[in-house]
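Student: One letter stands for each residue in the lines below.
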Amino acid sequence: MTGTCVNIAGVSLKNPVMTASGTFGSGMEYGEFFDLSALGAVVTKGVASVPWQGNPTPRICETASGMLNAIGLQNPGIDVFVRRDLPFLQKYDTRIIVNVCGHSVEEYLEVVERLADENVDMLEINISCPNVKEGGIAFGTDPRAIESITKAVKAKAKQPVIMKLSPNVTDIREAAKAAESGGADALSLINTLTGMKIDIERGTFALANRTGGLSGPAIRPVAVRMVYEASHAVKIPVIGMGGIASAEDALEFLMAGARAVSVGTANFHDPCISVKIADGIEKFLERKGIRDVNEIVGCAGNGGLYGTV
Amino acid sequence: MKKETARITAQECIATDIYSMTLRVSFAEEVKPGQFLSVYSADGARLLPRPISICDVDLNEGTVRLVYRIAGKGTAEFSKLAPGCAIDVLGPLGNGFPVEEFRNQRVLLVGGGIGIPPLYYTAKSLSDPVFAVGYRSETYLLPDISGQFETHVATEDGSLGTKGNVLDAIRCERIGADVIFACGPKPMLRALKEYSKEAGIRCFVSMEERMACGVGACLGCVTRTVKQDAHSFVKNARICKDGPVFDAEEVDLT
Chain V
1 MTGTCVNIAG VSLKNPVMTA SGTFGSGMEY GEFFDLSALG AVVTKGVASV
51 PWQGNPTPRI CETASGMLNA IGLQNPGIDV FVRRDLPFLQ KYDTRIIVNV
101 CGHSVEEYLE VVERLADENV DMLEINISCP NVKEGGIAFG TDPRAIESIT
151 KAVKAKAKQP VIMKLSPNVT DIREAAKAAE SGGADALSLI NTLTGMKIDI
201 ERGTFALANR TGGLSGPAIR PVAVRMVYEA SHAVKIPVIG MGGIASAEDA
251 LEFLMAGARA VSVGTANFHD PCISVKIADG IEKFLERKGI RDVNEIVGCA
301 GNGGLYGTV
Chain C
1 MKKETARITA QECIATDIYS MTLRVSFAEE VKPGQFLSVY SADGARLLPR
51 PISICDVDLN EGTVRLVYRI AGKGTAEFSK LAPGCAIDVL GPLGNGFPVE
101 EFRNQRVLLV GGGIGIPPLY YTAKSLSDPV FAVGYRSETY LLPDISGQFE
151 THVATEDGSL GTKGNVLDAI RCERIGADVI FACGPKPMLR ALKEYSKEAG
201 IRCFVSMEER MACGVGACLG CVTRTVKQDA HSFVKNARIC KDGPVFDAEE
251 VDLT
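Protein chains in written order, with this note's numbering: chain V, 1 to 309; chain C, 1 to 254.
One chain only, chain C, in its complex shape (with noise of 0.2 Å):
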């Protein structure tokens, strides 16, 4: 693994401060759902590496498609690049959803708004997806996911779908699964954490957390786990690195 220029071969503005870029990498066949990469800024003022999940992969092309938020200064420079611009990357990172255990289960993957794109390649590589999605009015990569596979939505001032959470559109739409895969804000993982128990299935959610190294070192992304995690030997795992994906029932989501 190493820290690479690719290069940019598509970028689109898909609903207000999202952006989709395509790039070409040298490592799209390595790429495994739920993997993100850290995207660098050309503005040496700007140190640290922007961790963005790895939405799509086109084996044939080698590129990877990242779905992000403008979320500060970083982002925003990310997304004015046009295509045939460079832009330096490292991955693929972490870990990943454990798609080969559930691959012939039913999997329901619930994404609350920017933590939606992971969950799209994800889908690729299982049989029986379902998708249950939440934003909080204006919809993004819904055609993409809803064209392919079954999909409910919930928006936050009912403009389309349940209105509520997506919790909610869950709840509503009796929606049955072996198991739910999840990413999204802390408040969504934790009520999903809740609802997988009453529901008795396995949960696993994709965290974030403020990065610096991205690859383990710094430990400065860790979340509370419940037991002792085998590698820092305390009540810590890397995101990085141990995760960003973890079995609910493994972090301390309070």
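Next up, chain V with everything else stripped away, as it sits in the complex (with noise of 0.2 Å):
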């Protein structure tokens, strides 16, 4: 038997795969593909205290190796979320991750409080959209801002704290660590790279936005190289993610120190892939005789598989 189980701030997840959010919404529509309860964890679309419209489209284009978005975030809001998605998820045998945003701290903290007594088993707080002109990127790139929100959060959370990180930042470890030191219970990274895409026909803008988010396999190189160094920088544990479309991704990532992944825009390429991806990662774990998928967390900066360096 190879342990495919690993455990984030105290919850345990029966494997280290999840689901970005933003690409899956609240499961609903990917549960008419395969059984949620095959997953790790569910992280779901960002909610905000009230509901949000998002951008104008076009909202969505294709680029090479991977996609902008700029959707804006929209939601139903809390209210919704509570009444509708979170019983929906709440029959499947998976973790639930609220991913939860706001335009100030004050909205934030009421998304927070308003799931303290809801069956969730953690919160990933969004400071790292970049799309939306307020909130979102804007509480990310400062490490003063990050530590200060965390802190916010952490006051009035009764679940443990998953602080979402940006990569456009400078460095990422100094965010990795001010949102330690604001006391958040694990990280993910990456969010989207501010990206821009022109139509020349048109002249003009792909994206309604102007800007929106890239992700996909073109920024996959840079999501491993920041998990390491932001897994290597803290103490607390790293949720991968970035261009992850295959099991042999993932593994990228939990040997650069990711002690979970999460699986985004191949969910557009194919439906069933983060199912695919936690069997593959079994299958390589069974492949190599290595008895726990723990066993190679961030081995790639420690003498490796074989412990050689």
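Derived from the structure by calculation, the hints contain no laboratory data.
Heads up, some of the hints might be wrong.
Stated by the list, open to error - Footprint (simulated), chain V over chain C, 3 or more residues, beta carbon under 8 Å:
| id | stretch |
| --- | --- |
| 1 | 14-23 |
| 2 | 41-50 |
| 3 | 233-245 |
Said to hold, decoys possible - The calculated BS3-like cross-link candidates involving lysine-lysine, where the alpha carbons are at most 25 Å apart (straight line), are:
| id | chain 1 | residue 1 | chain 2 | residue 2 |
| --- | --- | --- | --- | --- |
| 4 | V | LYS91 | C | LYS2 |
| 5 | C | LYS2 | V | LYS283 |
| 6 | V | LYS276 | C | LYS2 |
| 7 | V | LYS177 | V | LYS197 |
The beta-carbon is built from N, C-alpha and C at its ideal position, and this holds for glycine as well.
The two chains are supplied separately, each in an independent frame; assemble them into the complex guided by the hints.
Tutor: Next comes the structure, spelled out in structure tokens:
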């Protein structure tokens, strides 16, 4: 038997594979393709204190081995989420991680407090969305702001808190340390890289928002590097993401130092990819004769799988 | 529902940059008129599926026919695939036209350019359809349509039928109907919405937008709605999941 169970801030996940926020709704749509209980956790689309309209369209464009999105965190608000989406997710034997967004610290706290008595396993605080003008990335690029919002959230949260970090910074280690000193229980990274595409036929921006967040395999090497740096700068666990489209990709993140991984854009290419990745990780471990997935976490910076440098 | 590998049974160029591709699929009998497929590139660098409407279904053969325009590298790749080749698809997706509700009424099917294909299978499900189709100049699918249904044509250059757009043809030829089903560019849908208001008939429009997931999860392909949407709780509806067909009164086409 190969152990695939991982522990993030005291919460046990049956395997290290979860879904990346914003790519999976609240699971309802993908629940038509596979049993969500096969996942370590479902991370929901960002939820705010009230419904958000999001950005105008076009919100999406494809780029080489990736895509840009500028959804703008459209969401139905915490009331609908608690009434409709949470009961749906609670039917499954998987962990529920709610991604929380806001324009101000107060708005984040409103959602965090509202979830205090709900059956939710963890909170992921989105301080890194590049597509909203206030909140989001505005909090995520300044280490002092990261520390202070983390403290504020931790003071109110009943569940362990994951801070989701932006790659749009000079030094991800500073951001990671700031979240850790604010009391974060875990980190997740990377969110999307800010990008732009010009539609040359029309001579204008491909996205109505002009800029968007770049995701997909195009960003993976950047993400692996940042996960490596962040996980070696802090003691709290790191959840790695950014262009994971196969078990091999996921294993890179684990070996770089991630305790778990999230699958995002790849869901759009194959609705069942997250389960395939979970299975593929297990098969890899079996092939290598590794008894427990935790043994490979961070092995790249620690002498490799076979203990040689 | 799952993503599956379909086998191409026919592929034909039917006009400049317009192709007709027939695929053997497992779900032919599930297809409702006006639904679409997500079609995937074999090139890993092109991640997102291309949404392509279903033009026709052959239940005996278990095939669906897609008529599509080359709009970029993904669709160019599809056009080069020969019969026998494999292609990944997901579907059928979306809601489709309300054919049950209007089966025995006179339905005016209005198509503009590459919006015409989904109306063909739709017409086959109705008892009294009439077509108004608009092209820039070169026509396609016209033999299939006009061979079976009453058809009015408009071309922008006047090379065939009414000179002008499809609405000019509808007004000029005084085409009466109980309801309109339409698919085409947004300005055409906007004009039809106005026309249907004047004429006092209902109008259903099939919309398109840049899509990512195709299944309603990512909120990439929304349209503005007039009232708060029942799923999103804001004035946005998902074209891939709640659409692509909407009552024109419910969507903001400005």
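Student: Decide, hint by hint, whether the structure agrees.
Tutor: Taking the hints in turn, this is what the structure says about them:
Residues of the stretch 14-23 of chain C lying with their CB closer than 8 Å to a CB of chain V number 0, which falls below the three-residue condition for coverage. Counting residues of the stretch 41-50 of chain C whose C-beta lies closer than 8 Å to any C-beta of chain V gives 6; at least three are required, and the coverage claim holds. A count of 5 residues in the stretch 233-245 of chain C with a Cβ less than 8 Å from any Cβ of chain V is obtained; the coverage claim is therefore met, three being the minimum. Pair hint LYS91/V plus LYS2/C holds up; C-alpha atoms about 22 Å apart against a cutoff of 25 Å.
A threshold of 25 Å between alpha carbons decides the hint, and for LYS2/C with LYS283/V the separation of about 23 Å falls inside it, so the pair holds. Proposed proximity of LYS276/V and LYS2/C is supported: the alpha carbons are some 14 Å apart, at most 25 Å. Note on LYS177/V and LYS197/V: the hinted pairing is violated, with a Cα-Cα distance of about 33 Å set against a maximum of 25 Å.
Comparing the model with each numbered hint stated earlier shows that hints 1 and 7 do not hold.
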